[in-house]
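In terms of the numbering used here, the sequence shown opens at residue 23 and continues consecutively.
Hints may contain errors.
Straight-line distance between alpha carbons at most 25 Å, and here's what the computed DSS-like set of lysine-lysine pairs gives [claimed, not checked]:
(1) Lys385 to Lys312
(2) Lys131 to Lys100
(3) Lys58 to Lys184
(4) Lys288 to Lys207
(5) Lys50 to Lys131
Just so you know, these hints were derived from the structure itself, not from any lab.
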Amino acid sequence: MGLSSLVYPGAHHTRFEHALGAMHIMQKAIAVLEGKGVEISKAEQEAMQIAVLLHDIGHGPFSHATENILLQGVHHEKISLQVIALLNTNLDGQLDLAYQIFTNQYPRKFMHQLVSGQVDLDRLDYLKRDSFYTGVTEGNINTDRILAMMNVHNEELVFEVKGIHSLEKFLLARRLMYWQVYLHKTSLAAELLLIKTLGRFKDLISSGSEQLASSHFLYPFFKLNTTNTLDESILRHYLSLDDTDIYQLLKSWQQHPDLVLSRLSKQLIQRQLPKIKMSDIPFTQEQIDKKRIRLGSFENQPDVYNYFVFEGSISNQTYRSDDSQLLLLDKNNHVFPISKAINYLDFKQFSAPLTKYYLCYPKSINSL
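Modelling step: build the complete structure from the supplied sequences, incorporating the hints.
Below you can see the structure in the form of structure tokens.
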């Protein structure tokens, strides 16, 4: 879970564990659907498992926190597609079907929906897994019940209406887990601080203040011309990195001659995270300036204020009311969206992205 462990020390899961968990749930989902008469060939079953096994393969160290710096302009899903395409080439096209399912090009849409949809197997695994390891019981969904309610209608994934309350719990659990765990203000502060730290190092290189040796493991990324795809050698190098590489870099930067870089690194390693305030409305420039004044002249470097006092926004969307909406199947074989069955939830409001604004600043001048 990366930086969430700063808030929940027991919150540990790796992409490998999560990928295996998602594949295991896919096996159970296939068994449920076959038990209800849905015909799925052996080739399709294998492809569905491969697609969900590889769904997060494009993530780098600390997930989104480093992707924006190391691969600016290249989304992790693009990386995942490129990796699967490369594997497919090396395997002489054996992943053709898995690639089609992953990219939603296969005519049997329910297969893609199981990999990436409103109630996909990715979420069924990580919500329950993270709820267990963090102790945040609000995320403890009834995975087996949700799987048992799955069915297929006109090649679309549907859920039997008698499972509506388990689905409702899933939607609420996802919303609560995002605000209590994934977007918890302390883990958010740590993620933002990591982005600022890597950004400072990148700025030092751009300005010529820091000379980056070609042997440095970040060299390929800071010399990268951003495109939608990566050179295969850079891609392989990127996939070889993990959280420990970044941790080691931060430890070494604590002694860096650049005061900004060393202080940012120390804050992360020594868990001296900045204060973070959350608001439903954007912070004013006056509020931001008040926090910057506390830094003084910062040793005659006013241009570094943005590394220690900064603002922005985060958002989360629990439910999408578009073509991918969650569909229910009643006893008369009628299909309808879940929003038609739950009249005590305002799905217009529920499906609207919820945005919160943050302001980060040092807890005290001594904490720098």
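Each hint tested on the structure:
The suggested pairing of Lys385 with Lys312 holds, with an alpha-carbon distance near 13 Å, which does not exceed 25 Å. Taken as a hint, the Lys131 and Lys100 pair is honoured in the structure, with Cα atoms around 21 Å apart against an allowance of 25 Å. A C-alpha spacing of about 16 Å is found between Lys58 and Lys184, which places the hinted pair at or below 25 Å, so the restraint holds. The suggested pairing of Lys288 with Lys207 holds, with an alpha-carbon distance near 19 Å, which does not exceed 25 Å.
A hinted pair counts as satisfied when its Cα atoms are at most 25 Å apart, and Lys50 with Lys131 qualifies at roughly 18 Å.
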